[in-house]
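**Q** Please model the entire structure based on the sequences and the hints provided.
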Amino acid sequence: MKPAINIQNLSFHYEEAHPILELDTFEVKMGEKVFVYGPSGCGKSTLLGLIAGIFLPQQGTLEVLGLDFGSTSKGKRDEIRGKEIGYIFQTFNLIPYLNCLENILLPCIITPQKKDKITKPLEQEAALLADHLNLTDVMHKKARQLSVGQQQRVAAARALIGSPQLVIADEPTSSLDGKNTNEFLQLLLREWEEKKFTLVFVSHDERLAEEFNRSVSLPEMNRIRK
Amino acid sequence: MIVYLTWKSVQNRKLTSLLCVVSIALSVALLLGVERMKNGARNGFTNTISQTDLIVGAKGGPLQLVLYTVFRIGAPTNNIRYSSYTEIKNFPEVDWTIPISLGDAYRGYRVVGTDENLFKHYRYRGDKGIEVLDGQIPKGVFDVVLGYEVAQKYQHKASDSIILSHGISERSIMEHSNTPFKVVGVLKPTATPIDRSVFITLEGMEALHFGWEDGVPRKEKDISPEKLKKENIHIGQITSFLLKTKNRIQTLKLQRRIDSFPKDPLMAVIPGVALHELWRTLSYVENILYLISLCVLAVGLISVIISLYTSLNERRREIAIFRALGSGIGKVVSLLLFESTLIVLTGIFIGIILLYLGLYFVRPFLESNFSLFLPIQLLSPTEWLYLGGILLGGITAGLIPAIKAYRNSLQDGLTIQV
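Just so you know, the sequences run in chain order A and F.
Each step along the first sequence adds one to the number in my numbering, with nothing skipped, and position 77 is 102.
Each step along the second sequence adds one to the number in my numbering, with nothing skipped, and position 416 is 426.
If you are wondering where the hints come from, they were derived from the structure by calculation, not from laboratory data.
Honestly, I wouldn't trust all of these hints.
Covered stretches of chain F, going by a simulated chain A footprint (3 or more residues, C-beta under 8 Å) [unchecked claim]:
{"hint": "1", "segment": "18–32"}
{"hint": "2", "segment": "325–336"}
Derived DSS-like pairs: lysine-lysine, alpha-carbon spacing no greater than 30 Å straight-line [claimed, not checked]:
{"hint": "3", "chain 1": "A", "residue 1": "K58", "chain 2": "A", "residue 2": "K108"}
{"hint": "4", "chain 1": "F", "residue 1": "K192", "chain 2": "A", "residue 2": "K167"}
{"hint": "5", "chain 1": "A", "residue 1": "K140", "chain 2": "F", "residue 2": "K18"}
{"hint": "6", "chain 1": "F", "residue 1": "K149", "chain 2": "F", "residue 2": "K167"}
{"hint": "7", "chain 1": "A", "residue 1": "K101", "chain 2": "F", "residue 2": "K18"}
{"hint": "8", "chain 1": "A", "residue 1": "K99", "chain 2": "F", "residue 2": "K18"}
{"hint": "9", "chain 1": "F", "residue 1": "K24", "chain 2": "F", "residue 2": "K341"}
{"hint": "10", "chain 1": "F", "residue 1": "K341", "chain 2": "A", "residue 2": "K142"}
{"hint": "11", "chain 1": "F", "residue 1": "K48", "chain 2": "F", "residue 2": "K18"}
{"hint": "12", "chain 1": "A", "residue 1": "K99", "chain 2": "F", "residue 2": "K341"}
{"hint": "13", "chain 1": "F", "residue 1": "K18", "chain 2": "A", "residue 2": "K145"}
{"hint": "14", "chain 1": "A", "residue 1": "K220", "chain 2": "A", "residue 2": "K101"}
{"hint": "15", "chain 1": "A", "residue 1": "K108", "chain 2": "F", "residue 2": "K341"}
{"hint": "16", "chain 1": "F", "residue 1": "K254", "chain 2": "F", "residue 2": "K149"}
{"hint": "17", "chain 1": "A", "residue 1": "K108", "chain 2": "A", "residue 2": "K167"}
Ranges of calculated distance between the beta carbons of each label pair, as one might list FRET restraints [what the hints assert, rightly or not]:
{"hint": "18", "chain 1": "A", "residue 1": "R232", "chain 2": "F", "residue 2": "K18", "range": "38 to 48 Å"}
{"hint": "19", "chain 1": "A", "residue 1": "S199", "chain 2": "F", "residue 2": "K18", "range": "27 to 37 Å"}
{"hint": "20", "chain 1": "A", "residue 1": "R169", "chain 2": "F", "residue 2": "V295", "range": "47 to 57 Å"}
{"hint": "21", "chain 1": "F", "residue 1": "L29", "chain 2": "A", "residue 2": "D156", "range": "52 to 62 Å"}
{"hint": "22", "chain 1": "F", "residue 1": "G368", "chain 2": "A", "residue 2": "K99", "range": "42 to 52 Å"}
Since this is a predicted model, take the numbers as computed values, not measurements.
Just so you know, even glycine gets a beta-carbon here, dropped at the ideal spot from N, CA and C.
**A** This is how it looks when you write it as structure tokens:
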């Protein structure tokens, strides 16, 4: 089976004079849950942008879900991201004027291919996820009325709807307090147990690493030092 | 579904979106309103007289002839012989003529000496004729019929007695006080200079000046009643006359014939040509109005740019989310474009409604106070062109923030660096 993420000899820069990222090798197997230690300023956002197919490396191999992104069109990369990659932001990033349900279903609105993947009625699918993530009571509240813990769980539900093969969590707990962090992590990992998607979890909080199969440190991998 | 998102997003920024729509709507209404008034003024102007093929008067400036004959502006320099008039009137190719005799005024309103042909044949705005609102047309020597505005201003009605004054200035010292006239009728409003005129018979015009020599009244005031009988009055001169041919094709030939009339130095002018020439000299006013409304429109479009631009920062997050959820950058840009187009379209639509509402309410006022007749009609091709231009401008205005969003998005990736 091909790896979920396969990066070899990759280098990336926005401006030629300022290389951001140089990695020898970074591999994530299908169904693996990986912790990436990434304090700010180590090229973490860039790495995630690359894996999500937003940026393309200037050099090296970048394969995601068996697809060589270097030779994949932008449209196709957008489609793969929409269909098979779930993304959880540090700052939740819900649409404030949509309600909880609409936020969870947003990927289906934006990417029709995502919608086609879901065999159940959309509402039912969303309700199921909401149930798993303790959101049933707030489904019709506007996003801006939710607590931070609830917001991040909505963001997780949004990333998980339509069963993506790869879920990228970019510092999902750094805006949460200890109790919420714990709750969020447990719920996310429980979903992982059930669905066995590939999970790339980035955080600067090394204490969370023990919950994962494997832990890597981006500052150690990246040959560009700040 | 994109429509739904855009709608939600616009709703989220209700106030700014609403202000944008309102400013577009106002500028659309203003632009179209100015266009309507421009056309209304031009049509009112060129339609002051219709169906008349030639205006004939003493040789001089053609524009002047039209101005004093039709608009009662300026003073005629020379009169023409009444005998020349009757001769031309009887030309076989002539359908009808309307004599015009000028030179006196009633409180600043011009007195027009004419005959029943004016009431029978004069046409304006296509085929509208002069109608009497109250009373009858002047028949007797001292009968006078007032234009609508004159009657309104001085609250005259039939059987009032009025004194006309000599000359055309408002404060004339010399009054025809020995020949008072009796109001026999008031004309319906026409929104043309007819409303600002006072009509008497040609004989009345002559009778006014009985006993006058060299422009001043003679001392003795008694004029025998016998002399004042209509059939005894001899008409010597008139100022000009309107003429319609039996067949329009004959107009040019007749014009040449009148221009070289041997017994009197006459000149014939085709009114349409002269009016257009006159309007062209006035068109700078039109252009200024047009420029002003373009400026207003520019402000409206700039407000669209500003509103979209200022909301861009708060939308950076939105855009990053859409990107992360699999929407291509093109889709994000088209979302913004769609929104600006929606705002401009709504603005245009409301602007059109405003235009017609405004027309409906302002029309009677403009017609009675400014003699500006604005028909309520469908949008003309020119107006559609304007609207198309506005829409195009709006889309272009929307492009600017969209391009900015595109750049942001390229730079941001999925992390927003606000």
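**Q** Check each numbered hint from earlier against the structure, then list the numbers of those it violates in ascending order.
**A** 4, 11 and 21
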